[in-house]
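Peer 1: So the protein lines, in turn, are chains A, B and C. So the first sequence is residues 7 to 325, counted in our numbering. So the second sequence is residues 2 to 550, counted in our numbering. So the third sequence is residues 130 to 351, counted in our numbering.
Derived by calculation from the structure, the hints in this document are not laboratory data. Be aware that one or more of the hints could be misleading.
Claimed, not checked - One-sided and incomplete, this derived list gives chain B residues near chain C with beta-carbon spacing under 7 Å: (1) Arg109; (2) Asp110; (3) Ala112; (4) Leu132; (5) Ile174; (6) Leu178; (7) His185; (8) Arg186; (9) Leu213; (10) Val217; (11) Ile235; (12) Leu240; (13) Leu246; (14) Leu250; (15) Val526.
What the hints assert, rightly or not - Below, computed lysine-lysine pairings styled on DSSO-like, alpha-carbon distance capped at 30 Å: (16) B:Lys344 x A:Lys53; (17) C:Lys256 x A:Lys282; (18) B:Lys115 x C:Lys256; (19) A:Lys282 x A:Lys239; (20) C:Lys313 x B:Lys29; (21) B:Lys115 x C:Lys154.
As the list claims (entries may be wrong) - Label-pair ranges, simulated between beta-carbon atoms: (22) A:Leu74 x C:Phe338: 50 to 56 Å; (23) A:Asn59 x B:Asn17: 38 to 44 Å; (24) A:Thr75 x B:Gly21: 44 to 50 Å; (25) B:Glu529 x A:Asn59: 24 to 30 Å.
Note that the coordinates shown come from a computational prediction; the quantities given were computed from them, not determined experimentally. Ideal placement from N, C-alpha and C gives every residue a C-beta, glycine not left out.
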Amino acid sequence: MRPSLPLFPEQASSFASEVDALYFFLVALTAFFSVLIGGLVVFFAIKYRRRKNSPPAVIEAEGIALELTWSIIPLIISLFIFVWGASLYFKGSRPPDDAAEVYAVGKQWMWKIQHMEGRREINELHVPVGRAVKLKMTSEDVIHSFFVPAFRTKADVLPGRYTTVWFKPEKAGAYHLFCAEYCGTKHSGMIGYVYAMEPNDYQNWLVGGTAEGTLAQRGEKLFQDLACTNCHKAEGTGRGPALAGIFGTRIQLEGGAKVLVDEEYIRESALNPTAKVALGYQPVMPTFQGLMTEEGLLSLIEYIKSIGPRKPSDAKSQK
Amino acid sequence: MITAPISVPEREHYLNASYGLKSWLLTKDHKRIALLYLATITFFFFLGGLFAVMIRLELLTPEGDMVQSETYNKLFTMHGVNMVFFFLLPAIPAVLGNFLVPLMIGARDLAFPKLNLASWYIFTIGGLFTLYALLSGGVDTGWTFYTPYSTTYSNSFVIATAVGIFIAGFSSILTGLNFIVTIHRMRAPGLTWFRLPLFIWSHYAASLIMVLGTPVIAVTILLLAAERAFHIGIFDPALGGDPVLFQHLFWFYSHPAVYIMILPAMAVISELVAASARKRVYGYEFVAYASVAIAVFGFLVWGHHMFVSGQSVYAGLVFSVLSYLVAVPSAVKVFNWTATLHKGSIALETPMLYTFGFIGLFTIGGMTGLFLAALGLDVHVHDTYFVVAHFHYVMVGGTIMAYLGGLHYWWPKMTGRMYPEILAKLAALTVFIGFNLTFFPQFILGYLGMPRRYHAYPEEFQVLNVMSTAGASVLAVGYLLPMCYFIWSLRYGKVAADNPWGAVGLEWQTLSPPPVENFDEIPTVTHEAYDYVSLPNGSVTPKKEAHVR
Amino acid sequence: MSAEAHGAVFHAPRGHQFDTAEQQKDASTLGMWIFLVTEIMFFGGLFCCYLVYRWLYPAAFAAASHHLDVALGGFNTAALICSSLTMVLAVNASQHGKRGALIAFLILTILLGGVFLGVKAVEWHHKFVDHHVPGPSFLFEGPDARQAQLFFSLYFVMTGLHALHMVIGIGLLTVLTVQAKRGKFTPEYNTPVDMCGLYWHFVDLIWIFLFPLLYLIDRHAK
Numbered sequence: 007m008r009p010s011l012p013l014f015p016e017q018a019s020s021f022a023s024e025v026d027a028l029y030f031f032l033v034a035l036t037a038f039f040s041v042l043i044g045g046l047v048v049f050f051a052i053k054y055r056r057r058k059n060s061p062p063a064v065i066e067a068e069g070i071a072l073e074l075t076w077s078i079i080p081l082i083i084s085l086f087i088f089v090w091g092a093s094l095y096f097k098g099s100r101p102p103d104d105a106a107e108v109y110a111v112g113k114q115w116m117w118k119i120q121h122m123e124g125r126r127e128i129n130e131l132h133v134p135v136g137r138a139v140k141l142k143m144t145s146e147d148v149i150h151s152f153f154v155p156a157f158r159t160k161a162d163v164l165p166g167r168y169t170t171v172w173f174k175p176e177k178a179g180a181y182h183l184f185c186a187e188y189c190g191t192k193h194s195g196m197i198g199y200v201y202a203m204e205p206n207d208y209q210n211w212l213v214g215g216t217a218e219g220t221l222a223q224r225g226e227k228l229f230q231d232l233a234c235t236n237c238h239k240a241e242g243t244g245r246g247p248a249l250a251g252i253f254g255t256r257i258q259l260e261g262g263a264k265v266l267v268d269e270e271y272i273r274e275s276a277l278n279p280t281a282k283v284a285l286g287y288q289p290v291m292p293t294f295q296g297l298m299t300e301e302g303l304l305s306l307i308e309y310i311k312s313i314g315p316r317k318p319s320d321a322k323s324q325k
Numbered sequence: 002m003i004t005a006p007i008s009v010p011e012r013e014h015y016l017n018a019s020y021g022l023k024s025w026l027l028t029k030d031h032k033r034i035a036l037l038y039l040a041t042i043t044f045f046f047f048l049g050g051l052f053a054v055m056i057r058l059e060l061l062t063p064e065g066d067m068v069q070s071e072t073y074n075k076l077f078t079m080h081g082v083n084m085v086f087f088f089l090l091p092a093i094p095a096v097l098g099n100f101l102v103p104l105m106i107g108a109r110d111l112a113f114p115k116l117n118l119a120s121w122y123i124f125t126i127g128g129l130f131t132l133y134a135l136l137s138g139g140v141d142t143g144w145t146f147y148t149p150y151s152t153t154y155s156n157s158f159v160i161a162t163a164v165g166i167f168i169a170g171f172s173s174i175l176t177g178l179n180f181i182v183t184i185h186r187m188r189a190p191g192l193t194w195f196r197l198p199l200f201i202w203s204h205y206a207a208s209l210i211m212v213l214g215t216p217v218i219a220v221t222i223l224l225l226a227a228e229r230a231f232h233i234g235i236f237d238p239a240l241g242g243d244p245v246l247f248q249h250l251f252w253f254y255s256h257p258a259v260y261i262m263i264l265p266a267m268a269v270i271s272e273l274v275a276a277s278a279r280k281r282v283y284g285y286e287f288v289a290y291a292s293v294a295i296a297v298f299g300f301l302v303w304g305h306h307m308f309v310s311g312q313s314v315y316a317g318l319v320f321s322v323l324s325y326l327v328a329v330p331s332a333v334k335v336f337n338w339t340a341t342l343h344k345g346s347i348a349l350e351t352p353m354l355y356t357f358g359f360i361g362l363f364t365i366g367g368m369t370g371l372f373l374a375a376l377g378l379d380v381h382v383h384d385t386y387f388v389v390a391h392f393h394y395v396m397v398g399g400t401i402m403a404y405l406g407g408l409h410y411w412w413p414k415m416t417g418r419m420y421p422e423i424l425a426k427l428a429a430l431t432v433f434i435g436f437n438l439t440f441f442p443q444f445i446l447g448y449l450g451m452p453r454r455y456h457a458y459p460e461e462f463q464v465l466n467v468m469s470t471a472g473a474s475v476l477a478v479g480y481l482l483p484m485c486y487f488i489w490s491l492r493y494g495k496v497a498a499d500n501p502w503g504a505v506g507l508e509w510q511t512l513s514p515p516p517v518e519n520f521d522e523i524p525t526v527t528h529e530a531y532d533y534v535s536l537p538n539g540s541v542t543p544k545k546e547a548h549v550r
Numbered sequence: 130m131s132a133e134a135h136g137a138v139f140h141a142p143r144g145h146q147f148d149t150a151e152q153q154k155d156a157s158t159l160g161m162w163i164f165l166v167t168e169i170m171f172f173g174g175l176f177c178c179y180l181v182y183r184w185l186y187p188a189a190f191a192a193a194s195h196h197l198d199v200a201l202g203g204f205n206t207a208a209l210i211c212s213s214l215t216m217v218l219a220v221n222a223s224q225h226g227k228r229g230a231l232i233a234f235l236i237l238t239i240l241l242g243g244v245f246l247g248v249k250a251v252e253w254h255h256k257f258v259d260h261h262v263p264g265p266s267f268l269f270e271g272p273d274a275r276q277a278q279l280f281f282s283l284y285f286v287m288t289g290l291h292a293l294h295m296v297i298g299i300g301l302l303t304v305l306t307v308q309a310k311r312g313k314f315t316p317e318y319n320t321p322v323d324m325c326g327l328y329w330h331f332v333d334l335i336w337i338f339l340f341p342l343l344y345l346i347d348r349h350a351k
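Can you build the whole structure from these sequences, using the hints too?
Peer 2: So this is what it looks like as structure tokens:
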């Protein structure tokens with residue numbers, strides 16, 4: 007391969023040009039101040055260098071005005087950068103409501119991706135161009151970090167909880183996917199590609215997978231295999247609460263507190279069932295710790311989400 | 002008391018007052034302890050440097066072909082652990098600070114000489130533990146020891162390394178404690194706080210961090226070791242623990258620790274700028290207050306290492322804005338140093354070259370910190386080579402430049418010999434060129450997206466990596482040169498005058514090398530620091546006559 | 130320092146770096162206070178962990194706390210407070226040059242410290258027997274076993290480090306007692322007694338925080 011010397015990564019997401027704009031501003035700022043300081047230092051060093059008969063140093067009067075000037079100007083500039091950077095960060099932390107959801111599980115040393123529609127992939131992620139994609143991620147072991155330089159996005163992937171990252175690909179192509187948080191021996195092998203595809207190609211790709219059914223269907227199967235239905239009866243007459251429509255609502259707990267039923271709560275309820283028991287039920291559910299993989303848990307969560315009355319904003323389930 | 006026999010031409014000083022290994026290993030003289038530290042940290046510096054060279058060689062090609070990935074991971078971990086805990090943290094305070102704090106404030110020694118010696122022993126024992134971990138197989142967690150990798154998944158010598166760092170931490174605590182008490186209680190008559198050299202102010206600020214921050218890393222490492230040994234669950238998500246809590250505790254110390262490394266470097270630069278320009282440091286009070294402000298604000302910004310760790314958006318906002326506030330006092334210092342040069346009488350000897358290097362590189366290092374504190378941008382560059390380049394600009398371009406500059410400047414005082422000037426200038430130039438060639442390409446690599454701690458990397462990053470490795474070899478030569486000519490100068494160097502730079506400051510009023518108790522008679526201070534107007538060229542100092550025997 | 134070797138009774142052993150004995154005493158006192166600040170930061174890290182987990186798992190912490198013996202803990206608190214009193218009396222005796230009283234109060238302080246450690250050992254033994262020591266053999270009846278284990282992990286780390294400080298304190302006091310017997314301390318020179326007193330009170334104070342945080346959660350009348 008011919009040696010190449012790229013200076014900037016490709017711009018392939020809606021964030022890319024915005025992040026780059028801040029980057030170029032800061033590069034210019036750094037260049038300005040470095041040249042200013044460096045130039046002054048060299049200029050003074052030459053102009054005022056000590057020679058045989060050079061006069062002694064001149065002590066100028068020190069004014070508080072000058073000190074305030076070079077305190078306040080940097081302060082204003084840095085607060086300006088802060089606001090700029092914070093606004094980008096805010097955008098990055100608020101996925102749009104119509105974002106397509108994909109699940110990702112990191113483990114030493116691979117990325118496992120599950121699409122709602124059923125396709126699964128390893129170290130590859132196919133996404134459509136022009137549509138926001140939201141990843142819900144967790145780890146089976148240590149901390150990883152999901153990083154796609156061309157999308158200018160990154161988020162740590164932690165064991166025992168879910169983190170989210172979102173992006174909107176804008177250019178078709180194959181882009182590096184890296185693990186950015188050191189995760190052990192083959193850390194540098196925990197890499198892959200994100201394929202941004204034209205929507206039509208993406209649809210074709212989606213249906214081209216094996217006929218395992220959608221993620222929610224897999225979750226439903228797991229739900230039955232683990233005999234969850236014995237207690238979580240659909241009519242609500244079982245020893246556990248009925249789960250249809252429960253996702254996204256706030257339920258009353260034993261002891262008076264309320265909790266939002268989200269991914270974290272379902273996860274906790276499966277692995278540590280007695281921690282937050284719904285009002286009116288006994289803490290009798292056994293733990294499923296060790297009986298389910300992280301991917302299984304995700305499919306279960308997706309199943310519980312799918313059996314609810316759909317919220318209007320829940321675009322992903324409008325198929 | 003100095004009681005040199007009159008017939009012997011060589012007068013007695015701290016180096017020849019007694020001889021033999023025992024006289025060194027049991028010394029309570031801060032100057033000798035400084036030299037003990039110098040020897041120890043030089044060893045760790047070159048050991049850490051050796052790891053760096055191997056890292057750079059591995060990264061010459063995209064494939065992981067020189068060493069196995071296990072080995073590579075151990076190399077960068079041991080490079081980080083060695084350089085951070087056993088070189089950068091003690092470098093300036095324990096060597097230059099130890100030597101100079103009592104001299105600069107006109108004291109006979111630090112307040113607690115025995116404690117000072119104990120600090121060195123503690124440091125050395127900590128270092129030996131870490132060496133043991135290294136020799137028995139190494140450790141591969143990264144110097145940050147993030148859980149749960151370090152507690153559950155790593156198969157390397159985490160506990161031995163952790164114990165080494167834990168022990169060495171006490172040396173840092175005791176050194177800081179000793180400095181604070183010494184600066185409070187041992188100043189010469191007339192030496193008020195605002196007559197203190199800025200070296201002392203900066204060391205005082207750094208000592209505050211050593212005293213307040215180090216115990217937290219000590220207990221964190223203790224919990225880490227307990228978690229790894231007994232699986233008690235504190236950082237284990239499977240047992241309800243929170244791995245991110247470790248990051249909070251770790252960075253609560255390890256961010257301020259950056260200021261333990263850079264504040265003493267700023268201390269050196271203030272002295273060097275003033276002495277080279279023969280001028281009072283411009284805005285003395287502001288530079289002094291800036292040191293304290295950095296130490297205080299430094300404790301409030303640790304979360305900027307964790308913008309993508311899953312902490313809340315609002316926590317991120319607070320840590321980001323505070324990080325920008327801590328940038329201001331650093332900027333103030335840079336501006337004041339530059340202003341000091343204006344209309345000065347500037348000597349362009351080696352220490353000044355390092356000072357130029359420091360000011361330029363620290364400016365770039367500090368400004369690139371603004372990139373990392375900008376939340377939205379940090380998401381992209383976090384954990385990439387951009388971060389690596391940034392902190393090497395601050396630590397290597399900042400701290401090591403200042404350390405080398407300070408070592409050249411005070412070498413005649415420490416040893417009574419001059420270093421070879423031309424060779425030293427050549428070395429300074431080599432270090433500067435080598436440094437920039439090594440680390441500047443890493444900024445670009447980072448923005449391109451190359452993550453840190455990668456053993457192998459995609460092909461398109463190769464050209465920049467080759468540049469970086471080439472730079473590293475130049476840098477290695479640049480670092481070996483001073484070590485060679487410093488050792489050479491001990492025997493063959495020109496005998497140094499008491500005040501070769503014509504500087505004011507109490508350390509230059511005593512002999513080179515100083516007597517055992519630093520001063521024949523404790524000086525009374527009647528002038529501000531850097532008062533080159535009343536004391537032109539440092540020649541008419543009140544104590545000068547007393548030294549003529 | 131050479132003066133120490135001569136064991137001069139009427140002159141404070143003064144380091145060569147100090148100008149006056151007063152400067153030396155000032156320096157030692159300041160040094161001790163700074164050391165205690167580092168100790169606060171050290172335990173502060175643990176208190177921080179405790180706060181985080183108690184806030185996350187209040188029910189588990191309350192349940193686990195019920196397995197600690199308040200009576201023994203309360204007794205130990207009383208013993209430590211008494212030992213602080215005897216320590217103050219020892220410092221006072223040394224300031225007035227009452228050698229006999231100094232030795233007596235030092236020994237009393239050591240004994241009370243020993244009582245504390247003995248009771249602590251009994252409590253730990255109970256935990257061991259009840260399988261409340263975190264690790265593979267940990268057993269806890271109730272819904273929040275995993276989080277209860279976290280409580281016991283913190284309990285052992287915090288009380289363990291506190292006990293280690295007690296052991297060091299008792300060691301220091303023993304040295305003081307021997308030195309006091311040899312007549313090292315005078316009304317003019319009693320800095321070591323003073324310093325150890327500060328340390329002892331600090332260790333006591335840590336316990337005053339540990340006791341309610343560990344033993345008294347959820348003990349109020351229901």
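Peer 1: Taking the hints in turn, state whether each one holds.
Peer 2: Evaluated hints:
1. At about 4 Å, the closest approach between the beta carbon of Arg109 of chain B and any beta carbon in chain C falls short of 7 Å, and the interface hint on this residue holds.
2. Here the hint on Asp110 of chain B is kept, as its CB sits about 4 Å from the closest CB of chain C, short of 7 Å.
3. At its closest, the beta carbon of Ala112 of chain B sits 4 Å from a beta carbon of chain C; the interface hint therefore holds under the 7 Å criterion.
4. With its C-beta approaching chain C no nearer than about 26 Å, Leu132 of chain B sits outside the 7 Å limit, and its interface hint is violated.
5. The restraint placing Ile174 of chain B at the interface with chain C holds, with a minimum CB-CB distance near 5 Å, inside the 7 Å limit.
6. Annotation: interface hint on Leu178 of chain B holds; nearest CB of chain C at approximately 5 Å, less than 7 Å.
7. For the restraint placing His185 of chain B at the interface with chain C, the shortest Cβ-Cβ distance is roughly 6 Å, inside the 7 Å limit, so the hint holds.
8. Because the closest C-beta pair between Arg186 of chain B and chain C is about 4 Å apart, less than 7 Å, the hint holds.
9. For Leu213 of chain B, the suggested interface contact is upheld, since its CB lies about 6 Å from the closest CB of chain C, less than 7 Å.
10. Interface restraint check for Val217 of chain B: the shortest CB-CB distance to chain C comes to about 5 Å, inside 7 Å, so the restraint holds.
11. With a least beta-carbon distance of about 6 Å to chain C, the hint placing Ile235 of chain B at the interface is held under the 7 Å criterion.
12. Annotation: interface hint on Leu240 of chain B holds; nearest CB of chain C at approximately 5 Å, less than 7 Å.
13. A cut of 7 Å between beta carbons decides the hint on Leu246 of chain B: the least distance to chain C is about 6 Å, and the hint holds.
14. About 6 Å separates the beta-carbon of Leu250 of chain B from the nearest beta-carbon of chain C, less than 7 Å, and the hint is met.
15. For Val526 of chain B, the interface hint is violated, the least distance from its beta-carbon to any beta-carbon of chain C being 15 Å, above 7 Å.
16. Between Lys344 of chain B and Lys53 of chain A, the direct Cα distance comes to roughly 8 Å. Compliance with the 30 Å bound is thereby established for this hinted pair.
17. This hinted pair checks out: Lys256 of chain C and Lys282 of chain A have alpha carbons roughly 27 Å apart, not beyond 30 Å.
18. Distance restraint check for Lys115 of chain B and Lys256 of chain C: the Cα-Cα separation of roughly 42 Å exceeds the 30 Å cut-off, and the hinted pair is therefore not satisfied.
19. A threshold of 30 Å between alpha carbons decides the hint, and for Lys282 of chain A with Lys239 of chain A the separation of about 19 Å falls inside it, so the pair holds.
20. As the CA atoms of Lys313 of chain C and Lys29 of chain B are separated by approximately 23 Å, the hinted pair is consistent with the 30 Å bound.
21. A hinted pair counts as satisfied when its Cα atoms are at most 30 Å apart, and Lys115 of chain B with Lys154 of chain C qualifies at roughly 16 Å.
22. Between Leu74 of chain A and Phe338 of chain C the beta carbon distance is about 44 Å. The supplied range of 50 to 56 Å is therefore violated.
23. At roughly 40 Å, the beta-carbon separation of Asn59 of chain A and Asn17 of chain B lies within the given 38 to 44 Å, and the hint holds.
24. For the hinted restraint 44 to 50 Å between Thr75 of chain A and Gly21 of chain B, the CB-CB distance of approximately 58 Å leaves it violated.
25. Between Glu529 of chain B and Asn59 of chain A the Cβ separation comes to about 27 Å, which falls inside the hinted range of 24 to 30 Å.
Violated hints, in rising order: 4, 15, 18, 22 and 24; the structure is consistent with all others.
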